[in-house]
Each structure stands twice: as structure tokens, then as C-alpha cells.
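J.: Given these sequences and hints, build the entire structure.
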Amino acid sequence: MKRKVMSLLLAGTMVATMFAGCGDKKEEAPATDNNNDTVEDTSAPADDAANEEDNAAEEQTLKVAALESGYGADMWTEVAAAFEASHPGVTVELTTDKKLEDVISPNMRAGEYPDVVHLATGREAGLTETLTKEKALMPLTDVLDMTVPGEDVTVKDKVIPGFLDTLGTNPYGDGVTYYAPMFYSPCGLFYNAGLLKEKGWDLPTTWDEMWELGDKAKAEGIALFTYPTTGYFDAFTYALLASSGGSDFYNKCMTYEDGIWESPEATKVFEIVGKLAQYTEGTTVANANDEGFTKNQQLILDNKAIFCPNGTWLVGEMAEAPRAEGFEWGFTAVPAVNDGENGSSFTFFEQLWVPAEAANPDLAKEFVAYMYSDEAAQIFAKSAAIQPIAGISDSLEGDNKMFYSIYDNGATAVMGGFAATAPVEGVSMADTLFGTVNSIVSGDKTVEEWQAAVEAASDQLRDAME
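In the working numbering, the protein residues as written are 305 to 770.
None of these hints come from the bench; they were simulated from the model.
Keep in mind that the hints are not guaranteed to be accurate.
What the hints assert, rightly or not - Below 27 Å or equal to it, Euclidean Cα-Cα: the simulated BS3-like pairs (lysine-lysine) are:
#, residue 1, residue 2
1, Lys579, Lys503
2, Lys460, Lys608
3, Lys686, Lys460
4, Lys522, Lys556
5, Lys501, Lys705
T.: This is the structure:
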């Protein structure tokens, strides 16, 4: 879908000015010199030419290409119109499509680039990754210091802490931002808040407190933990890794640094999961598959297990499921690995970027900064697309307010997955790191065997990193 709209107000003003110039104005006699010869008045045409030149300089067209995802395209149309209204003389030429790569790639090959593109990594076409590998993106680090249009705060002060220092925004790992973080969905531990209230149990914020709660629950026949499938250990493990060693350590894990999985920080993570296996509900492994995963999720609704790692879609997925009396959804970060620190929550998010060949880079960066304005965020939120800006939860309602308050309440945001590699036969980090959890819970493998296997997989993938 393409959209090109000029401001009607601007057009109306130009028309009114034109008619004012041609209306009931008294005709004045031409000026004469001292010899009564007529003198040509050239001042007005010169002024008109200057005004025309100024108007031409103010009129700009910004080409924006945005993926039409599950949020729909209408929100982009509305945001484009709002940007135009706040930037007189600017026309946003908007292109949206469910297969955006197919629409914009041919033009880009011909040298015609959009100024701004909303297209996340991880898509089958891999356009964002391709341009990243070709060094064809414009750095956006300077945008972080820009003032959000219409507000008095900078972009970096508006964005939730943790979103701007990972491979998800700095793909080269050099501290330079190329991807602007967009719509996000936090992951964490879901539980029955009603159960904790009934029992008088405090919500744990550290792993020592988790083990204490696990012992109390076990005494009453309730397991501390369950999980849908081992695939849900991706977000859970990412959060643990970042909590254990910080963002630099996390990025080293994601880029297969030699020996990183044998480090003390990684060892803490393996040991936590190994101990958590002892507190996991007994039927979990048998149902941790595509057919039985909802049975594991049902465990927390039936008060047979307390915590289950998942994403914000869980509530809708279990909307029609039966539940214990007094059930109330609760959502919390993964507890801190180190004492005195905050818990962590991995978040999936989308990305916005500017091609290095953009024709209007300055205006493009202004548009990127505008994405973090309250005005833009409210437009997106109407379509359930939530921007990663501080305080966003204040404008949300119901369960969404609870989910998106997780970062406002102090949790550290974690994002960005493993660096892409060329295929290595028989090697899968996902299978080795996450898929092995079933074997740890069942006792078929030891934590030490698991840790060694992950380090071996990392060694094989390092040289294949793209």
C-alpha cells in the first residue's frame, strides 16, 4: 500500500495567499526618477523568488517502508499523518506490505532506497541481515542524543534501559547502534498470584528465595516449577545468562567466544537449571511436546506448580482453560543470579533502520526519534503494538499493564539471540543448550555433561559465524 498526502492546511494557506495577492488591492502608480522617467520596480519579483525558494526548501518527501505484521497497516498510516502534521512541508510516502522484502528489494537493487525501514531480523528472506553483512545500514547512535520531537527528553532517556546495548540493536558488537528497537513482548515467569496471597508466600527475587519457596510448596504437595516445552528455555536461559555476567558476557555467549561456556558465570546458570530440575513437577517431561504442552501450562492454573516460563501470549492461549478458585494471573522477572541485583526479563522486539543510501538521512533520523514520542506510542498501542519507552505501562490496561510494567518495576531487559552461522552438520545450539533440559530433569544426563556439550557446540559454530 502506498500513500502520499500533502497537508490540506498548507495547500489552503497557499491558495488563500494567492487570492489575497489578486484581490481588491489599489493599483499604485509606477515610481519615477527625477527626470519623470518611469523606473521599473524589481523588488517584488525578487521577494517572490526568494519566498518560492524558501518554500521549496521546506517541502520534503520521506519514504517509509513498514512491515504489515499482525498489528496491521492502519497504525502506520496514522503515524505517518501525525508526523506530517508536526512537520509542516513534509510528505510521508508510505509503503506497507506483509511481504515487504518482495516490494522494496527490486527498487533497492535499482538504487532506489526507502529512507526508513521497519523490518526485523529473523525473517525468512533475511533482508535486514543481508544489508547488515554488507555494511549497508546507517549508524543511528546520534539519534539517541536527539530530543524526541515535540518533547523535552532525549531518545536514549526515553528508551527502557537494556534495549540499546545488545546485538539486537548493535549488530556488529562495536557499541554502535544500527537498529532502533520497536514493538516488544516481555517474557518471564507466570504464576497464580491468588495462590501466593492465600498461602502468605512472598514473591522471590533471588534464587535463594526461590529454593526456600520451593521447599515450602513441596511440603504442601505443590511443585515450584514447570515448563511448556524445552523451547521455552531460550528466553529463560538468556535472562539467566545476562543476570549472571552482564551484557558483555551475554554477547560473548551469543558470539561463541572460546571458553565462555566453561566460565564461572556460565557455570552458575547450568547449576541453577540443574537444581531447578529437582523442583520441577513430575509429569512435565512427558508432556513437554507440541501435543501436551498445554497440560504443563495447566499445572499453574490448577495449583500443581507455581512458576512457568512463557510470553505474554500465554493468557490468551489459556483463556478458556479451567482454573482454581481465586486464580489471578501473576507475572515476574527471572530472579537475580547475583545478590543485590535486579531480576531479568528477555524480550522479543522488532527493529527500525535507515539504509546507508537513504536520500534524506536527516529527516529519516527525525522520523526514528519521533517513534519514541508519546504521540506515536499511543497510536501504536491502539493496535497492541507496544513501544519500549519508560512508563508505557501507565497508559495500558488489564493484563497488558501487568506484563509491560515488568521493566518499570526494575527488571533488566535482555534481548538478542545467537549470532548467525553457516550450517554445521549435526550441530544445533538450540538443541544442545535448550533441548537437553528434558534429560537434566529426568536425570538421564548430568549438568557437567550438558555444560561440556554446549562448549563443544560453541567451538564448532565459532568458525562458521557469518
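J.: Enumerate the violated hints, using their earlier numbering and listing them in ascending order.
T.: 2, 4
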